[in-house]
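Colleague: Sequence:
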Amino acid sequence: MRPRTTTGSPGTWWRRMALAAGCLVSIALGAGTAAAQVSPSTYDYARPELTWYTIETEHFLVHFHADEDGWGSSRTAQVVARIAEEIYPAITGLYDHEPDTKVSFVLKDYEDYSNGAAYFFDNKIEIWAPALDSPLRGDHRWLRNVITHEFTHIVQVQKTMKAGRKLPFLYLQVLDYEDVRRPDVLYGYPNVIVTYPIPTLNNPAWLAEGTAQYQRAGLHYDRWDTHRDMLLRTRVLAGKELSLADMGGFYSHSSLLREGVYNHGFAFTHYLANTYGEEALRRLSAALGTWSNWNVERAMRDALGVPGDRVYADWMAHLRQAYRERTEAVRASLVEGDLAEPKGFYNFYPRFSPDGTRLAYLSNRGEDFSRTSLYVRDLERGTVTAHHLDGLDPHVYVHTCALGHRLRSGVAGAFDWRPDGQAIVYARRRDTPEGYLFADLYEIDLASKSVERLTTQARATDPSYAPDGRRIVFVRQEDGTTNLFLLDRDTGVMTRLTDFHDGTQVSDPAWHPSGGWIYLARTQPDGHGRDLYRLRPDGSDLQPILATPADERSPAFDPDGQALYYSSDASGIFNLYRLPLPAGGALPDPSRAERLTNVLGGAFMPDVDATGRLAFAQYQWDGYKIAWREIEPLPEAARTAMYTPPPITQKPDVPAPVAAEWAALNRYDDADLRPWPAQVLSAVRTEGAYPPPSGTDGPASTSAEPVAEPAPEPAGSTVRPYSQTFTSFSFFPVLRLDQYVTRRTRDLDARLTTRTRGEALLRNLKTGVYVSSREVLEGMSLLGGVLVGPASKEATSLGDFFSPSRLLDLERDAFLQVEYRKGFGLLPRRWSPQLAVELYNIRRNVDRGLTIEEFPCTACYPDTTYADLAYSLWEADVFARSKVNRYTLLEVGYRYSPYRVKTERFFSREEDQFIPSSSSRYYIGRAFMANAYVELLRPYRDADVLPEGLRLEARYEAETGRLLERFDVENGVLVPQYRQDTNHRLTLDTRFGLRLPGRPGGGVHGLGLRLRGSTLLGPPVDDFYNDYVGGLIGARGYPFYALGGNETLWLQAAYHAPLLPRIHRQVLFVYLDKLYARLYADAAMAWSGPWPGLDAARRDVGAELRLGVGSFYLLPTALFLSATYGLDRFDFRLDEGFLTPDGRSTVRYGREWQWHFGVLFGFDV
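Residue numbers for the sequence shown follow my numbering, so the first one is 1 and each next one is one higher.
Just so you know, these hints were derived from the structure itself, not from any lab. The reader is advised that the hints may include incorrect statements.
[Stated by the list, open to error] The calculated lysine to aspartate or glutamate pairs, modelled on EDC-like cross-linking and capped at a C-alpha distance of 16 Å, are: (1) K822 with E434; (2) K102 with E56; (3) K102 with E86; (4) K902 with E778; (5) K822 with E759; (6) K793 with D847; (7) K822 with E775; (8) K166 with D100; (9) K343 with D622; (10) K102 with E759; (11) K822 with E241; (12) K166 with D69; (13) K793 with E759; (14) K102 with E58; (15) K902 with E891; (16) K240 with D847.
[As the list claims (entries may be wrong)] Pairwise CB distance ranges, derived in the manner of DEER restraints: (17) R999 with E336: 23 to 31 Å; (18) S919 with E1152: 50 to 58 Å; (19) D488 with N885: 43 to 51 Å; (20) L1121 with V771: 28 to 36 Å; (21) G492 with D1164: 55 to 63 Å; (22) W1155 with E336: 36 to 44 Å; (23) R999 with G492: 43 to 51 Å; (24) N666 with A610: 18 to 26 Å; (25) P997 with N885: 43 to 51 Å.
A quick note: this is a predicted structure, and the numbers were derived from the prediction, not measured. From the three backbone atoms N, C-alpha and C, an ideal C-beta is built for every residue, glycine too.
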């Protein structure tokens, strides 16, 4: 007896039948996870040199870093520990929920931007030490505010969970496959891939962010400030308010619209608390946590007794009326500027050149997010020159909200002209060799475009030139506090001017034209808003200029220094003012301030030229614009017009009685906390904890100076060196319909037993679970999972169904990935290698998969016997990855991949006995890999459907494989024979996207190009090692296995066009965002041996619909449906001995439609 093959090569059958399984490792195991994708954007720098410590309190673990010199975030950590324990009962009491473990705070002070991130499934919060400086919000008590904000996320979002935080998602997955048609391939490549997570929460973004800003009645760490009211007021009066659906998530919103979600949510939460009582926030959160509620409208009906759409309509009606009435006096006498830069929504810092002939400013014109460029307008010629200086926005606020989206609004830091007018000094953020993102000062010569770096790792922003051109004052960031420093332009020496250590924030430094004073804005650590101060250039004589209940900011002067110009919200709206300055340096009289504008939105950042022309940033509903006007006295009505925000945007007038208890938290003083010196931290490392263990002494000083011992806050807490702290395990149940076994009788399935629909469904079902956990510092992570097909092996009884031997024989998809991302201390650089170990296994059972030709007797005709097969594919990978910079990741790795086939026990009529099961490895591979990944992509709101920029993957693989060549039959047993091959493969995969001018149909359109080529170095090898460029991940006009060879080349050109670019509709738990079309054409080649010429190219054309959706207010969902027509018809010749059921030795492809469908997290597959 022998397997039915030809030419003495039975192994060809085994290799072909197992080919599909080998190609499906990534699909079978990666469906529903992003783990298989490697991208520079998903990796952070290693930073192995950071030394971490932990403050442990009753309810929290506060992790912070500091080096041997004491640099780091030790003061911030002490403040955080104090705040967290103080606000714990206030927040948990409101929602009647306490986290089930201690919540970890991870404090970071190695990047110059502000960031808050609440990971509510993990009981983890990340805080960046620099204080928020946003043009869309006022200044508040940063740490008090952000700690309460993020902890509210943890509590409120967990209250909305339906199954607890350890069960975040349920995954539903579907895989269907091409009709492969080839008798030498087990089953085709997927043409349907669906992975749809169902989260156990559906908390809209407006509620998550609204409650986090609201916090509690009686607490004043955050408040409805003038900036926030400005955003809402201008939108409502312009009829551009966000709908309740738009408020549900961040979707395809610009930075301005994303802030609108925060803004509207804050105001709406105030309205709910005022109208229905503060406890309504708890009732609404609890209603969202029931399984019957999958959108907020229904939950509001259950919690408030009123449908959500009616609540929203009533709120908006109140707002419209209140804003119209309260702005009547302002609107009746508007005095606004003429727009000089109407494009973009982040236009900041207009600055006249010293000679008044040019106006420089920052603008994000043409951008959807906060990326700004420097523009210089020639006022005489009317021309505008753009200078694209990367990293112009050192003050960047990035908030990862409770729903996992990162919202970035950048405040491009102030810049200044050099007094000779030939150059501009500015701040730019750049990565250091250690992986820190620090801002430094640079100067660009406008004529030559040359750039000179002035500082190195100074954390410097907001530069301002002294009138003498030799000194630059700037702001420096240190452990959550900012101070003023002075740079000597010639020597590079930096001198400290202020010495704050208590969380004070300084900004907007400006030299008086006399050079005798430096004016600045200052925010007290226990207050809201800014006040104006001045000090001498040597740091002495710090004096308040304007320190009122109003917010005063952005000091500027006329060229002769006789008047101070600034922005203030004294009228209820930010307007510009002029204050005469007495001669001789005396303090000015605030009562002599003269109002210069009466705007409906806001006026900021003034600058004045010698002719009396005033330039400023003017806010209107669609963002900040550059405006200007001649300075003239205002009419009486405009000069006296006042505005008061509506009461429905404030916290309740009559708060709950318990609010008095929380109001006491507003009376605090964190100025007693100071950074711990190096000696103290050294003692903590030596003793292992502080207070020290019983019987040991406290920190010992290594100098003659007394050392301030740590006084852990709150009382009873301890300080110790950091030890690895992992999140709880999260479990993700998975149900997968994997339809490679069908009840239908296709060409290849003639040997299979006929199944009913129900039997086929059960046979194809897989169930299992994914499991994950990670270290809170993100230094290590674990992700694993296993899915099994319960009906993939017959069972004769209930006991047999659960027997261990049967369970081990079930079909399965299993994987385990462990990553170590800390790098190595011996290589203290950002590119220090990060290790990953990955293990994969899939098993496939093929009923009657082996056909054996037998002769039951010497005179008998040949007969056919079938045997069941089981394929088991293992793969073990070890990788070392280095993130070289923000857009490049290098990778080296080793892969070991043994593939095994098992022939189940069967009865041989020729031998007249049962042939025992046998198992053989049909492939054993060992490969070394070296890969490079580059992503130069431009972020914008529709980048998911039309990526713009370059993405490149370059791979080299040296593989030594032992491949099953044939089976010899010895004593009734099949004995495998192997052939060894060594292959060297180079692969290059590039994608390029380009937006085209114009917005047809209101959306973006553009081109996409993709070029992929692969080659084997050396002579042709067995087609088991072929590369493929057809199917879902290639030229879709032809099945995956139709285009395979040792060498491949694939080119695709596509055009993306909007159909419904802004749908903005909520349907149950789904938000319909946008619909685009992609038209494409492919040319693909696959060959082995000599170059076949361009005539061998296979062409197709197709169209794809791309529907962008938001699911459950939380997750991005991408639905695509493509239809592709193969233009070229060709016959694929099967290996000798293989025939189709109708007796042909070829399979015909082309001149037919191929369909593909997917539901994933993104459109690229």
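Colleague: Look at each hint and say if it fits the structure.
Modeller: Outcome of the hint check:
Of the supplied pair hints, the one linking K822 and E434 holds, its CA atoms being roughly 12 Å apart against a limit of 16 Å. Using a Cα cut-off of 16 Å, the hinted pair K102 and E56 holds, with the two alpha carbons roughly 9 Å apart. Between K102 and E86, the direct Cα distance comes to roughly 15 Å. Compliance with the 16 Å bound is thereby established for this hinted pair. Taking the CA atoms of K902 and E778, the gap is near 41 Å; set against the 16 Å cutoff, the hint is violated.
The suggested pairing of K822 with E759 is violated, with an alpha-carbon distance near 49 Å, which exceeds 16 Å. Taken as a hint, the K793 and D847 pair is honoured in the structure, with Cα atoms around 9 Å apart against an allowance of 16 Å. Restraint check: the Cα-Cα separation between K822 and E775 comes to about 11 Å, which is no more than 16 Å; the hinted pair holds. With a CA separation close to 11 Å, the supplied pair K166 and D100 stays within the 16 Å bound.
Taking the CA atoms of K343 and D622, the gap is near 10 Å; set against the 16 Å cutoff, the hint holds. As the CA atoms of K102 and E759 are separated by approximately 48 Å, the hinted pair breaks the 16 Å bound. Restraint check: the Cα-Cα separation between K822 and E241 comes to about 45 Å, which exceeds 16 Å; the hinted pair is violated. Restraint check for K166 and D69: the C-alpha separation of about 40 Å exceeds 16 Å, so the hint is violated.
For the suggested pair K793 and E759, the alpha carbons sit about 12 Å apart, so the restraint of at most 16 Å is met. Between the alpha carbons of K102 and E58 the distance comes to roughly 8 Å, so the proposed pair stays at or under 16 Å and holds. Between K902 and E891 the alpha-carbon distance is near 35 Å, which puts this suggested pair outside the 16 Å criterion. For the given pair, K240 sits about 62 Å from D847 by alpha-carbon distance, which is inconsistent with the 16 Å threshold.
Separation of R999 from E336 is about 28 Å and conforms to the stated range, judged on CB atoms against 23 to 31 Å. Taking 50 to 58 Å as the suggested C-beta distance range, the pair S919 and E1152 does not conform, at roughly 40 Å. At about 31 Å, the CB distance of D488 to N885 disagrees with the hint of 43 to 51 Å. Our hint of 28 to 36 Å for L1121 and V771 holds, since their Cβ atoms are close to 33 Å apart.
Distance hint for G492 and D1164: a CB-CB separation of about 47 Å, inconsistent with the stated range 55 to 63 Å. Take W1155 and E336: their Cβ atoms lie about 56 Å apart, and the range 36 to 44 Å is violated. Taking the beta carbon of each, R999 and G492 are about 48 Å apart, inside 43 to 51 Å as hinted. N666 and A610 have their C-beta atoms about 47 Å apart, which leaves the hinted 18 to 26 Å range violated.
Between P997 and N885 the Cβ separation comes to about 31 Å, which falls outside the hinted range of 43 to 51 Å.
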